[in-house]
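Enquirer: Dock chain S against chain H, hints included.
Number of protein chains: 2
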Amino acid sequence: MIVSSVLEVRRRLDSIRREGKSIALVPTMGALHAGHARLISSAREQSDCVVVSIFVNPLQFGPNEDYQRYPRPMEKDVELCNALGVELIFAPEVGDMYSGPQLSFVEVPRLTQNLCGAFRPGHFRGVATVVLKLFNIIQPGSAFFGEKDYQQLCVIRRMVQDFNLALTIVPVPTFREPDGLALSSRNVYLNPDQRAIAPVLFRALNLAKELVDAGERNSEKVKAEPLRLLQSASGVRVEYFEIVDDEVQPVATISGPVRIASAIWIGKTRLIDNVPAR
Amino acid sequence: MIVSSVLEVRRRLDSIRREGKSIALVPTMGALHAGHARLISSAREQSDCVVVSIFVNPLQFGPNEDYQRYPRPMEKDVELCNALGVELIFAPEVGDMYSGPQLSFVEVPRLTQNLCGAFRPGHFRGVATVVLKLFNIIQPGSAFFGEKDYQQLCVIRRMVQDFNLALTIVPVPTFREPDGLALSSRNVYLNPDQRAIAPVLFRALNLAKELVDAGERNSEKVKAEPLRLLQSASGVRVEYFEIVDDEVQPVATISGPVRIASAIWIGKTRLIDNVPAR
Numbered sequence: 004m005i006v007s008s009v010l011e012v013r014r015r016l017d018s019i020r021r022e023g024k025s026i027a028l029v030p031t032m033g034a035l036h037a038g039h040a041r042l043i044s045s046a047r048e049q050s051d052c053v054v055v056s057i058f059v060n061p062l063q064f065g066p067n068e069d070y071q072r073y074p075r076p077m078e079k080d081v082e083l084c085n086a087l088g089v090e091l092i093f094a095p096e097v098g099d100m101y102s103g104p105q106l107s108f109v110e111v112p113r114l115t116q117n118l119c120g121a122f123r124p125g126h127f128r129g130v131a132t133v134v135l136k137l138f139n140i141i142q143p144g145s146a147f148f149g150e151k152d153y154q155q156l157c158v159i160r161r162m163v164q165d166f167n168l169a170l171t172i173v174p175v176p177t178f179r180e181p182d183g184l185a186l187s188s189r190n191v192y193l194n195p196d197q198r199a200i201a202p203v204l205f206r207a208l209n210l211a212k213e214l215v216d217a218g219e220r221n222s223e224k225v226k227a228e229p230l231r232l233l234q235s236a237s238g239v240r241v242e243y244f245e246i247v248d249d250e251v252q253p254v255a256t257i258s259g260p261v262r263i264a265s266a267i268w269i270g271k272t273r274l275i276d277n278v279p280a281r
Numbered sequence: 004m005i006v007s008s009v010l011e012v013r014r015r016l017d018s019i020r021r022e023g024k025s026i027a028l029v030p031t032m033g034a035l036h037a038g039h040a041r042l043i044s045s046a047r048e049q050s051d052c053v054v055v056s057i058f059v060n061p062l063q064f065g066p067n068e069d070y071q072r073y074p075r076p077m078e079k080d081v082e083l084c085n086a087l088g089v090e091l092i093f094a095p096e097v098g099d100m101y102s103g104p105q106l107s108f109v110e111v112p113r114l115t116q117n118l119c120g121a122f123r124p125g126h127f128r129g130v131a132t133v134v135l136k137l138f139n140i141i142q143p144g145s146a147f148f149g150e151k152d153y154q155q156l157c158v159i160r161r162m163v164q165d166f167n168l169a170l171t172i173v174p175v176p177t178f179r180e181p182d183g184l185a186l187s188s189r190n191v192y193l194n195p196d197q198r199a200i201a202p203v204l205f206r207a208l209n210l211a212k213e214l215v216d217a218g219e220r221n222s223e224k225v226k227a228e229p230l231r232l233l234q235s236a237s238g239v240r241v242e243y244f245e246i247v248d249d250e251v252q253p254v255a256t257i258s259g260p261v262r263i264a265s266a267i268w269i270g271k272t273r274l275i276d277n278v279p280a281r
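Those sequence lines, one after another, are chains H and S.
Using this note's numbering, the letters of the first sequence map in sequence onto residues 4 to 281.
Using this note's numbering, the letters of the second sequence map in sequence onto residues 4 to 281.
None of these hints come from the bench; they were simulated from the model.
Treat the hints with care, as some may be off.
[As the list claims (entries may be wrong)] Residues from chain S shown here face chain H by an in silico Cβ test under 7 Å; the list is partial:
hint, residue
1, ARG47
2, SER50
3, LEU135
4, LYS136
5, ASN167
6, THR171
7, VAL173
Computed from a prediction, not measured in an experiment: that's the story for all the values here.
Where is the CB? At the ideal position from N, CA and C, for every residue including glycine.
For reference, chain H alone in the conformation it holds in the complex (with noise of 0.2 Å):
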């Protein structure tokens, strides 16, 4: 079933709840794929309610990205979900979302002055407002994000526990193609030879994360090499590549668990990823 009303799926959530019923949320843009159907499945084992909400939310788009651009295929997303036994799919107009103009905005200062942070300003204010509104609107018990898009979980986590929010985060693994690149709704946009390329981030990712395993604990040193097969990949510019903590703060010295995470362009294609270490 889908709802594009907040006031329509605000009064059928009720009934729901009102039967004691726990309820579910997988928060996307749609164009979903077997990542997204990981987050669905995870949140369908541990409710009795899943509620899908596909809304590909301007505020959280630089004016110089790709909004306009970013794929929309919602009769697939539609069957996929279905397939998977979601309940409810809420697909909200933006003028729903967005009825007055958003004067107000979630702020994390700190968890977003680094990695994507840096370079997309304003985007993870964007992410977690709309992700309040959905919340508020919603209701769920809890809200499951993939671990794909690290800073955001982050972000949207701490948001949870800072705001007192009564839900619970759950994070879900990244899924990967065979060759080890992980799956995301923009690889739609990478031509063959970019494709054959892509997956040079996860091995440099995993370079790293080897001589972390194997002690290094200089972060300098382990950066080094794994940089240095990025510069060499044909097409490649390198945005960050980065060994930060919980706060999402660069360690000069691993003492503790990290992420390793990293985003490179391949053509005009921005691909991100991560892999824990420690």
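Expert: Quick look at chain S alone, frame taken from chain H:
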């Protein structure tokens, strides 16, 4: 009944909610006076269970403001709440409301750039953030705010709308002393001489209102005489005297409903007040 633990208040309210009772929240910083009593009585009339929160929120005080000095007459506050039939007083410790460093904030830039917001940087960020936390902990169906803090009311109302929060904000008119002084927890800072001068603020606001009601539409002309009245009062320093719309933007020409709002200092005490016009 007084509850100080966030977990415990959630637990108690969950069981009240399961009984199908409506919950109203009156957020306060304590030092309750007849203005608060009116908020509580309004909440009492309109709901099954009234929760009064008492929390002097460090996040909304500037480094040179009166956080330490702010009055905290807890016993008297509890007596008043009991007399008014409050079901639950939520009086958390600072370390429970901010159990880790608060890294997530609510920002409403447009509504907080003028009036008090211009003179108290970070104040409304602190207010909106703690109020959102209280809303998420208490999950009330309605929350009561005094019109005396007009900009605060605008910010909270806008936050609720923009974040799709499922609750109603109920504004309650300002309660005044017989001579017109708006009740405030900070009035206790005034010595007898200052107290005698303080009603000039309401007189100046009313003078402006009379000019608007008589047909004057030019804000500068409306403000001139009230400003002279304030500036001629002994020991008074005017911080601002403005005519604003419901997005708290100063208007040059009065074409719809406006709010006339002012902040003055009498010695080391800051007083604010406002009146509607048109």
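Enquirer: Does LYS136(S) hold up as a contact with chain H if the rule is Cβ-Cβ below 7 Å?
Expert: holds (5 Å)
Enquirer: Using Cβ atoms only, decide whether ARG47(S) comes closer than 7 Å to chain H, and label the hint accordingly.
Expert: At 25 Å from the nearest chain H Cβ, ARG47(S) fails the 7 Å test, so the hint is violated.
Enquirer: THR171(S) was flagged as interface toward chain H. Is the shortest Cβ-Cβ separation under 7 Å?
Expert: It is violated, given that the least Cβ distance between THR171(S) and chain H is near 14 Å, above 7 Å.
Enquirer: Against chain H, run the beta carbon of SER50(S) and see if the smallest gap drops under 7 Å.
Expert: The hint is violated - SER50(S) has no Cβ within 7 Å of chain H, the shortest such distance being about 19 Å.
Enquirer: Does the nearest C-beta of chain H fall within a distance shorter than 7 Å of the C-beta of ASN167(S)?
Expert: Status holds, d = 4 Å.
Enquirer: Hint LEU135(S) vs chain H: min CB-CB distance below 7 Å?
Expert: holds (6 Å)
Enquirer: Grab the minimum C-beta distance from VAL173(S) to chain H and call the hint holds if it beats 7 Å, violated otherwise.
Expert: violated (19 Å)
Going through the hint list in order, the structure does not satisfy hints 1, 2, 6 and 7.
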